[in-house]
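Work out the full structure, taking the sequences as your base and the hints as a guide.
Here the protein sequences come in this chain order: W and E.
Under this note's numbering, the first residue of the first sequence carries the number 1, and numbering increases by one thereafter.
Under this note's numbering, the first residue of the second sequence carries the number 1001, and numbering increases by one thereafter.
Bear in mind the hints are in silico, worked out from the structure with no lab data behind them.
Note that the structure is predicted; figures quoted are calculated from it, not measured.
Each hint should be verified, as a subset may be incorrect.
[As the list claims (entries may be wrong)] Far from chain E by the CB rule (all over 10 Å, computed), these chain W residues:
1) Ile14
2) Arg37
3) Asp71
4) Thr82
5) Ile90
6) Ile115
7) Phe126
8) Leu158
9) Lys191
10) Met207
11) Asp225
12) Ser238
[Unchecked claim] Mimicking DSS-like on lysine-lysine, the simulated pairs with C-alpha atoms at most 27 Å apart in a straight line are:
13) W:Lys217 - W:Lys191
14) W:Lys221 - W:Lys5
15) W:Lys104 - E:Lys1269
16) E:Lys1179 - E:Lys1082
17) E:Lys1269 - W:Lys97
18) E:Lys1244 - W:Lys97
19) W:Lys191 - W:Lys104
20) W:Lys121 - W:Lys64
21) W:Lys5 - W:Lys64
22) E:Lys1265 - W:Lys104
23) E:Lys1244 - W:Lys100
24) W:Lys64 - W:Lys97
25) W:Lys106 - E:Lys1244
26) E:Lys1204 - W:Lys97
27) E:Lys1082 - W:Lys100
28) W:Lys161 - E:Lys1063
29) E:Lys1244 - W:Lys104
30) E:Lys1179 - E:Lys1063
31) W:Lys191 - W:Lys201
32) W:Lys100 - E:Lys1269
33) W:Lys106 - W:Lys191
34) E:Lys1269 - W:Lys106
35) E:Lys1204 - W:Lys107
36) W:Lys97 - E:Lys1107
37) E:Lys1244 - W:Lys69
38) E:Lys1244 - W:Lys107
39) W:Lys65 - W:Lys230
40) W:Lys107 - W:Lys192
Idealized CB from N, CA, C, for every residue including glycine.
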Amino acid sequence: MLTIKNTSAVIDAIELLNDISITINPGEIHAIIGPSRSGKSSLAHLIAGHPLLIQTEGSIIFNKKNISKLDAEDRASLGIYTTFQNPPEILGLTNLKLVKMLLKAKKDSRLDQTIEEDYSKLCELFEMSKNHGNTDIDYDSMTPSEFKKNELILMMMLNPKLAIIDEIDLELDDDDLDIVGAALKNFVNNKKAMLLITNNKTLLDMMSPTHLHVIVKGVIKKQDDATLYKRIIEDGYSQFP
Amino acid sequence: MAIHSFLKVEKGDPDWQFSPERYFGKEFKLIDASTIELAENQSNLMVLRQNPTEKELLAKHLKINVKKDSNLDLIILNELTKNLQQIFLYDVYVEEGAGLNLGIFAKDGKFNKHIIQVYLENESEFNAYGLMSNSVGGDTEIITKIIHQHSDSRSNQVILGTADNESQTVFQGMTVLDKNSDGSEANIECFNMILDEKSRCHSKPDIYVDNNTVRSSLGCTTESLNPDKIYYLQSKGLDFYSAKNAIISSFQGRAIDIIPYEDIKEEVKQLFSG
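This is how it looks when you write it as structure tokens:
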């Protein structure tokens, strides 16, 4: 599904990622762990198509198409979805309005009423308030954990093929983490895949990743045993020079 | 920026009769002076379209008198072309127990200035909400002065501004809670969005308080069109222009959505779209 081959990237001429290679197939959950500022989120946004992240070498192939030069919206339309660590507020825009706008852009054929019903079910699943759809996307109206869960509600409404989940656990309490973990686990099937960026052992336990990659200073150290995350996180990253 | 001296509001004050030549120069001619008066115990909606004229320089004066226990919804729509310089002055008098909800939506013009001075009697209420934008390299301004000289009156202002293409917007909101304004309340909020590097949005919300029994609040935010927000929406599937429009129209919607009438709301959306 996704093949990143010998890819490097810079932002403002500062190298953030160096010679990255990952292959993700349908049905797989790839966990990315690593210390802060090691390039985990940069990798997520390199795949998503951040305009300031310049790919200097290598290729990114998604479903047999080279997406290296595509804009973010084109990558999204191919089925790549990235959650943001800190989603921005968009003053005056409600959650449901945004969903409808995105589905319209995606040429989703669902009627408004069906969209609202589907959305309402997801709000229930994520234990959001009944009025969540009419809530403005701003920090006065939503808590940080609601912002995080909202990222996943959007994801499930858009139904992408590849989900890139960037430190979704930050800002979540234990109850929310259970809800999020269960929803993420249900999301992956034999046609979908996930790149899960986290250092949270509870979430990794819930997700049982099929592959593990450690990223340190912008370089990936692939691990043969995906269950090693517990020991690596406990021992720290100094073992990866 | 000083509050203009003509913004003294007293019924019967000699400055009640607006003289644009005196304050803005002799090239500004008063071409229209009219009055809206709502009789006692009435409720009404009025839409005032301040349409552009061929005259490049003009001033219009409007007296608005909402009589005792009446309620007026007045919505002002105004769009000027880039060569027009026009000033609109509104003298508002809200009598005891009456209310005025004023929506003001002003777009473009080389110089497009709306000056609103309001005098509130006992237990009266004035709510102003609106949006000013300029994207033709000019200056759009909303200037208010609200005087609470009697008890238990309320004023509330929510004004938004957007500036693009080296343009400017100005909101200058002055509210006076005088010594006789026991139990009154005044709030001012303004929000601005600057859409390019060379545009400017100025805001000066002021509340002067001379009474210990009143309540007041004011706040103002100015933000630029944030490329991170555009990227966020692009990464969810919107193209660049749709993402940009979604951010701007959602911001503007905070004022437009206050309009209580769907058909007028739609007209205002059309006015500011694109």
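- Message: Hint by hint, where does the structure go against what was stated? Just the numbers, ascending.
- Response: 3, 4, 5, 8, 13, 16, 20, 24, 26, 27, 28, 35 and 39
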